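Trainee: Single-letter residue listing:
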Amino acid sequence: DGGITQSPKYLFRKEGQNVTLSCEQNLNHDAMYWYRQDPGQGLRLIYYSQIVNDFQKGDIAEGYSVSREKKESFPLTVTSAQKNPTAFYLCASSPRDRGIYEQYFGPGTRLTVT
Amino acid sequence: GIQVEQSPPDLILQEGANSTLRCNFSDSVNNLQWFHQNPWGQLINLFYIPSGTKQNGRLSATTVATERYSLLYISSSQTTDSGVYFCAVGGTSGSRLTFGEGTQLTVNP
Numbered sequence: 001d002g003g004i005t006q007s008p009k010y011l012f013r014k015e016g017q018n019v020t021l022s023c024e025q026n027l028n029h030d031a032m033y034w035y036r037q038d039p040g041q042g043l044r045l046i047y048y049s050q051i052v053n054d055f056q057k058g059d060i061a062e063g064y065s066v067s068r069e070k071k072e073s074f075p076l077t078v079t080s081a082q083k084n085p086t087a088f089y090l091c092a093s094s095p096r097d098r099g100i101y102e103q104y105f106g107p108g109t110r111l112t113v114t
Numbered sequence: 001g002i003q004v005e006q007s008p009p010d011l012i013l014q015e016g017a018n019s020t021l022r023c024n025f026s027d028s029v030n031n032l033q034w035f036h037q038n039p040w041g042q043l044i045n046l047f048y049i050p051s052g053t054k055q056n057g058r059l060s061a062t063t064v065a066t067e068r069y070s071l072l073y074i075s076s077s078q079t080t081d082s083g084v085y086f087c088a089v090g091g092t093s094g095s096r097l098t099f100g101e102g103t104q105l106t107v108n109p
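Sequences listed follow chains A and B, in order.
Residue 69 in the numbering used here sits at position 69 of the first sequence; the count goes up by one each step and never skips.
Residue 99 in the numbering used here sits at position 99 of the second sequence; the count goes up by one each step and never skips.
The set of hints was computed from the structure by calculation and includes no laboratory data.
One or more of the hints may lead you astray.
[Stated by the list, open to error] SDA-like cross-link-like pairs, simulated, lysine to any residue; straight-line CA separation at most 25 Å:
no., chain 1, residue 1, chain 2, residue 2
1, A, Lys57, B, Asp27
2, A, Lys57, A, Ala31
3, B, Lys54, A, Lys57
4, A, Lys9, A, Gly99
5, A, Lys9, B, Gln104
6, A, Lys57, B, Arg58
[Unchecked claim] Selected chain A positions facing chain B (Cβ under 8 Å, derived; list incomplete):
no., residue
7, Leu27
8, Gln41
9, Leu43
10, Gln50
11, Phe88
12, Leu90
13, Glu102
14, Gln103
15, Phe105
Since we're looking at a predicted model, the values are computed, not measured.
Glycine included, every Cβ here is placed at the ideal spot set by N, Cα and C.
Use the sequences and the hints to build the structure in full.
Mentor: Written out as structure tokens, the structure is:
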């Protein structure tokens, strides 16, 4: 089955700890994205990558870091510098050929930091 | 950056009713998508529609790019249609999306 997987579904951490969220896709998409969703709000872009070994900051990159060493993987690290890390995190991917950028989303990870 | 406004913010319907959700955006777009977020948080792709009209069963969408708006029509609504509907747009690069705040739809039996 082709798709996007995120693990774990729920994650609990103590304040001051870094935590890495996993995102894997087997759709052979070039581009991958990380979004954050707070209760009752829309999604906001954290980081995105259009090609392996390259990534750009989105609108709310402070306190987050990413890597893109493989086409199918785009892990997100929430660092202790992120002031309000508790949120729902969604990963997406899209093709980049023929000018079509339709994004597809994984099931998300709910992070709670106390 | 591009601004995206969705209306109405909340909508309550009786099963079987029809509805129209609107998305206004502030600049030219090369990507426009409609999503349904289910109660578990999963975003389900409804339409990829930077321009024109598409239909899929009881749902249809129209984007008038020159006037910077898109409409999502839901006909004969069912309780399973409940959830949040998001419009998201991408600018000239097409790649990154800006989301609206969503429309919370509740369909009562």
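Trainee: Look at each hint and say if it fits the structure.
Mentor: Hints, verified against the model:
1. Distance check on the hinted pair: lysine 57(A) and aspartate 27(B) sit about 21 Å apart at the alpha-carbon level, within 25 Å; holds.
2. Between the alpha carbons of lysine 57(A) and alanine 31(A) the distance comes to roughly 14 Å, so the proposed pair stays at or under 25 Å and holds.
3. At roughly 33 Å between alpha-carbon atoms, lysine 54(B) and lysine 57(A) are farther apart than 25 Å, so this suggested pair is violated.
4. Straight-line distance between C-alpha atoms of lysine 9(A) and glycine 99(A) comes to about 32 Å, which puts the hinted pair past the 25 Å bound.
5. Annotation: proposed proximity of lysine 9(A) to glutamine 104(B) holds, straight-line Cα distance about 23 Å (limit 25 Å).
6. About 38 Å separates the Cα atoms of lysine 57(A) and arginine 58(B), which puts this hinted pair outside 25 Å; it is violated.
7. Because the closest C-beta pair between leucine 27(A) and chain B is about 12 Å apart, greater than 8 Å, the hint is violated.
8. The criterion of a C-beta within 8 Å of any C-beta in chain B is met by glutamine 41(A), whose closest approach is roughly 6 Å, and the hint holds.
9. At about 5 Å, the closest approach between the beta carbon of leucine 43(A) and any beta carbon in chain B falls short of 8 Å, and the interface hint on this residue holds.
10. Look at glutamine 50(A): its Cβ gets to within about 6 Å of chain B, closer than 8 Å, so that hint holds up.
11. Taking 8 Å as the C-beta cut-off, the interface hint given for phenylalanine 88(A) holds, the closest approach to chain B being about 6 Å.
12. Taken as an interface hint, leucine 90(A) checks out: its beta carbon lies about 7 Å from the nearest beta carbon of chain B, inside 8 Å.
13. For glutamate 102(A), the suggested interface contact is upheld, since its CB lies about 4 Å from the closest CB of chain B, less than 8 Å.
14. The beta carbon of glutamine 103(A) is positioned within 8 Å of a beta carbon in chain B (closest approach about 6 Å), and the interface hint is therefore held.
15. With a least beta-carbon distance of about 4 Å to chain B, the hint placing phenylalanine 105(A) at the interface is held under the 8 Å criterion.
In summary, the numbered hints that this structure violates are 3, 4, 6 and 7.
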